[in-house]
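Enquirer: The lines below spell out each chain.
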Amino acid sequence: MVRFFQACADGLLTGALYALIGMGLALIFGVMRIVNFAHGAFLMVGMYATYVLFDYFKLNPYIGFLPAGLVLFIFGYVVYLLLIRPVRDRSHFMQILMTTGIGLILTDSAQLIFKADYRQTNIDLINRSVHIGPFGANAAEVLSFAIAVAFVVGLHFFVTRSLTGQALRAISQSPEVAPLMGINLTRIQGFSFALGIALAGVAGGLLLPRLYLFPGVGEDYTTKAFVMVVLGGMGSIEGAALGGLVLGLSESLTSLYVGNQWALIVDFVLFLLVLSFKPSGIFGRQRA
Amino acid sequence: MSILKSWKFWIGLIVVLLWARMPWFIRNNYQLQVLFRITLFAALGLAWNLVGGYAGQLSLGHVAFFGVGAYGLALFTEIGIPIWISVFLAAVVATIFAAVIGAIAFRLRGPYFTLSTIAFAEVLRLTATNLNVTGGAIGLTMPSLFVGRTFWRSFYLASVALTVVAFLANYWASRSRFGYYLMAIREDEDTASAVGINTALCKLQALLMSAFLTALAGALYGSAFQFIVPDSILTLEISVQIAIITMLGGAGTLLGPIVGAVLLLTASEAFKNQFRESHLLIYGILIVVVVLFLPEGIVGGLQHRFRRRIRPPADANPKPALGGAAQ
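In the order they appear, the protein sequences are chains H and R. If you read the first sequence in the working numbering, its first letter stands for residue 1, the second for the next number, and so on. If you read the second sequence in the working numbering, its first letter stands for residue 1, the second for the next number, and so on.
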């Protein structure tokens, strides 16, 4: 039983980071109806940004993720203006191709600049652990969990309480009417795209100390983010956060009872089941 | 025989014969191998075109059929079935997979459809990586369809034959009632369904044909390169490659996939020496360029321009054209 609860705890620790990734994707989908197939690639860029800060300026990744997130925000805004805005009113077909293309460019540019070498950040914290009763957890994971939760809660309040958040929800409810109410469509869309990308970047920075870094590291996270967003109901930001936790739990439990290598398959099967039987998501309300 | 009077038929025949004669001009095995891949990807693009071009369904899971073709060939021959029957059986299995995938995925639209095709392909890749029977991450040695000194020449000719078959399937789709149904679905699925087209069935039929051809190409490809691992034969990269080849040349056009394959593979071959592992960069850049500036692809854009130049005076009361590559 201890092992079960330990696995649940591990799952939630990872799940909070997943929630951050999923919320970014959900934000972009909600406001623009564009599925960002480059999400994992942006996460990878966030990891490299944090890594560069660590490598050149000796900045601890748990501080470095903030400037990295900022860089990604600006980068996301520029990508929106140059590449996403022109396809805003085009078919899904073209939008998917566009984001796929952006993802390829990002991944292979990273390959060109940093080569395919595996890189790692060695920080002290990763070797320490925290014990509560019979349960143990890595100190670095607990810290990144806390930061991720702070971001998730912050984003929730931002979206529900602030004026920009209201504009954002207005556009996601009705992209035709919102601009008539005086909301600047381009600015809000650009802002939410940039914010979604920044969240992916932050998650990347927080994941960095735990993973080996290489240009293709983001690929799995694109697909994982889709799974979370679909679990939570496409476009629902809170749903995506819950989806992230569910995914973290299911992966951790699959690793415990079936085997580590099957975790990703369970993700996809979950995804296909939800898509075929409850496309509005397990937490989703029915949307148009 | 009206077909014998059409100049297009004769030109096509001459092109095919010249294309098939290529190995007699080229003795270099590496160049033949590149030609083989160009031709094979033309066939893959044509197969994808049935679903992605005519029916307008953006599948990024076609590598599933490709991989099943290759794995099927390896596994069927292993249990003692003659090699050419194995190729056929592998393609049949891929078609059955397509029926299952289509039954679920075609209930979804737009991004949901694309996502589910990716998910299916990824499930297959991960399963192949984890099962012992498929050799896991270590992979399988493929049986050789051809042996001896004419190895690459035979594979090349087989790929030309496959491309011709795929082209004929596209030709049929562009002229038949079935093809018009597909195009109607692409333009507006709800309207198509409202005028009595069984949209689910049409899309599924297109996918089955497409999957069968894709699996044949997969078997050929796997056998030619003699060795398969999940990360080479079942990766999302191949699905993207097939889609972008067709989009670059012109989705929903007959010649588009062929033009796309020639251009893209030549370019990527040239870039491979320059950029090594980053040769997919050119794919990314091309995708962005195509989406922004050439949404109808090269052939699609040219056709559009030519039709406009030649036709207008002939019709005093122009009706909006059905089909075309308009979005």
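If you are wondering where the hints come from, they were derived from the structure by calculation, not from laboratory data. Errors might be hidden in some of the hints.
[Said to hold, decoys possible] The following residues of chain H were derived to be distant from chain R, with all beta-carbon distances above 12 angstroms:
(1) 5
(2) 33
(3) 66
(4) 91
(5) 93
(6) 102
(7) 123
(8) 149
(9) 162
(10) 253
(11) 262
(12) 268
(13) 270
[Claimed, not checked] Okay, the calculated beta carbon distance ranges per label pair:
(14) 260/H with 108/R: 27 to 35 angstroms
(15) 193/R with 260/H: 25 to 33 angstroms
(16) 231/R with 273/H: 56 to 64 angstroms
(17) 307/R with 57/H: 55 to 63 angstroms
Where a beta carbon is used, it is the ideal one built from N, C-alpha and C, also for glycine.
Enquirer: What are the numbers of the hints the structure violates, in ascending order?
Expert: Of the numbered hints, 2, 4, 5, 6, 11, 12, 13, 15 and 16 do not hold.
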